[in-house]
Amino acid sequence: MSSEPRDAGLPSTPPQAFQDNAGLVQAIAAGDRQAEQAFVDRYLPPVRAMLLARSRNPDLTQDLRQDVMIEAICALRAGRLHDPEKLTHFVIAIARNLLNNHFRSQRRTEAMDAPEDIPDLYCATEAVEEEERSQRALHAISSLDRVDRDILLLTLVDGLKPGAIADRLGLSSDVVRQRKQRATRRVIDLVRPPSQNPPPRHFIVGRVI
Numbered sequence: 001m002s003s004e005p006r007d008a009g010l011p012s013t014p015p016q017a018f019q020d021n022a023g024l025v026q027a028i029a030a031g032d033r034q035a036e037q038a039f040v041d042r043y044l045p046p047v048r049a050m051l052l053a054r055s056r057n058p059d060l061t062q063d064l065r066q067d068v069m070i071e072a073i074c075a076l077r078a079g080r081l082h083d084p085e086k087l088t089h090f091v092i093a094i095a096r097n098l099l100n101n102h103f104r105s106q107r108r109t110e111a112m113d114a115p116e117d118i119p120d121l122y123c124a125t126e127a128v129e130e131e132e133r134s135q136r137a138l139h140a141i142s143s144l145d146r147v148d149r150d151i152l153l154l155t156l157v158d159g160l161k162p163g164a165i166a167d168r169l170g171l172s173s174d175v176v177r178q179r180k181q182r183a184t185r186r187v188i189d190l191v192r193p194p195s196q197n198p199p200p201r202h203f204i205v206g207r208v209i
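My numbering numbers the first residue of the sequence shown as 1 and each following residue consecutively.
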């Protein structure tokens, strides 16, 4: 006896319905496969970028990003996220936990060969700051327009030049450069801690102070 897809017979849902976190989370919980695809399209690139930045291991990143998406979708299907506004933090937590579990497993394997007189180099403050930076970076990248996000990731992760990106996306090189600059500025502004934001400028008699 063959089983039908969970959304068989249901009308097609317009992509605009998934721009809102609440609508996306609700649709996934209801079994909407289009919503799941929209979720993957939104979060897979920034999750990949975050994992690669923290692990510096493309093969590990390739494995873990799939695990992050699978675990997140299963949890959303089960209705485990009660506040849709925390969707980005929810995905970050899953990615962080899977990566940390991998590192802990490695450390346990290597612990038998480590000298006993090595001091504890773990710094809680640095760990908290790193986590905050990761959260801001993932949120910033996921909030970009899809084309801007693709251009930024192709530049930073794949190392492509504007000409190669233009050929891949069907854009001109000038448009790619302009959108890359805009996306980069937006990510920098969102990732920078509030204490590092430049002070407001005041205009007095035609000059800025």
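Certain hints may be false.
Stated by the list, open to error - The following label-pair restraints were derived from C-beta to C-beta distances: (1) GLN37 x ASP63: 17 to 27 Å; (2) GLY163 x GLY79: 38 to 48 Å; (3) THR184 x ASN57: 35 to 45 Å; (4) ASP174 x SER55: 30 to 40 Å; (5) ARG177 x ARG80: 17 to 27 Å.
Don't read these hints as lab results, they were simulated from the structure. From a predicted model like this one, the values you see are computed outputs, not experimental measurements. Using N, Cα and C, we set each Cβ at its ideal position, and we do this for glycine too.
| query | Failing hints, ascending? | reply | 3, 5
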